Amino acid sequence: MTDEFDTDLARSLQQRAAAAPTDGCHFGDVRRRVRRRRQRHVAMGVLPALAGVAYLGSRPVAEPTQTAGAPDTTWMGDPTSTTMAMSTTTWPGDEVGYRCLAESGYDLGDGWVYYSVCEAGPAMTVPYDPAVQTTLGYYEPTTTVLFGTTTSEPEPSLPVNVPTTAVGTTSTSTTVP
Amino acid sequence: MHDPLLAKGRAVPVTEVVVHEDIEQAYRRLYPSLVRLAYLLVDTPEHAEEAVQDSFTRAFSKWSRIDSPDAYMRTCVVNACRKVQRRRQLVRRTPQALPDQAVLDTDHIADVVRALRSPMREAVVLRYYLQLTDPEIADTLGMAVGTVKSTLHRARAHLEKELS
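As they're listed, the protein sequences go chains A and B.
Going left to right, the first sequence walks through residues 1 to 177 as my numbering numbers them.
Going left to right, the second sequence walks through residues 1001 to 1164 as my numbering numbers them.
Some chain B residues judged to face chain A by a derived CB distance under 7 Å, without partners named:
#	residue
1	P1032
2	V1035
3	Y1039
4	L1040
5	Q1053
6	T1057
7	I1109
8	A1110
9	Y1129
Ranges of calculated distance between the beta carbons of each label pair, as one might list FRET restraints:
#	chain 1	residue 1	chain 2	residue 2	range
10	A	H41	B	D1022	20 to 30 Å
11	A	A54	B	T1044	36 to 46 Å
12	A	L47	B	F1060	15 to 25 Å
13	A	E4	B	E1021	35 to 45 Å
14	A	P60	B	K1062	38 to 48 Å
Simulated from the structure, these hints should not be mistaken for lab results.
Fair warning: this is a prediction, and the values are worked out from it, not measured in the lab.
We put the beta carbon where it would ideally sit given N, CA and C, even for glycine.
Let's have the full structure, built from the sequences with the hints guiding it.
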């Protein structure tokens, strides 16, 4: 029984295999497949690289705003330089919900003075959280210039000369050479 | 790239390569037998030819390092057929008999073999069509010899039950 079953099984498989077409393809088909496969591999390697280069070429030099709640501020420029550096930050604010459009710094010679340019919020209470201080020098939150209606109150003890041209500037950045 | 077949000793490093048969010559020699083997493992002749061509395409770049082309290509074709089966499981589980073969009783056996699950089908085909030994089947399928024996035993019991 076992030998007969094995014989029938082998004969059945031989007959089925003999029905397979074996003269349809030539080696040129394999060469063509190899060529397509290589082209596909090259494309898979080159296309991501091209996309990356295109992205790097198309993105802005400086990000216009940071995400809300970002604890730090990126300063464009050398903090030790006397040239004014400016950055922008989306200021999370308190329950009032104002938005800081820009922050700037000004070198007084013995230190930097930082100020912010903000949108006019509904309550106009603008606390200045020193959490944004990430640069060198000391931090003096002296002036808050609101966009539109201004409630600037520079501290009288510091000779701050805030450049008013910064009011309303949203994403201006100066790169220090 | 890591090649499990190369790691299993089926191929040798480039420095140990002796004179090999050209891949085109090997293609002409092996293609008919490999298509027949693939035809027993997949559903249609087109899929069988596709599996064999794909196997030679994959082996093209590493041909000079392959030590035993026959066994290497046999394993490649079995793996390619497994891939085809995975893609077409529904068709495989409901095989359609070809008109010119359905009248024969022995072809019913082939249909039952074709309906077996993997790896029982591969083991049965390698044993009863290619007449390979258990170690050769184990080497081709990447199994232990004991696993091959148990697989063949279960496949055979299933076939006897289906055909009785």
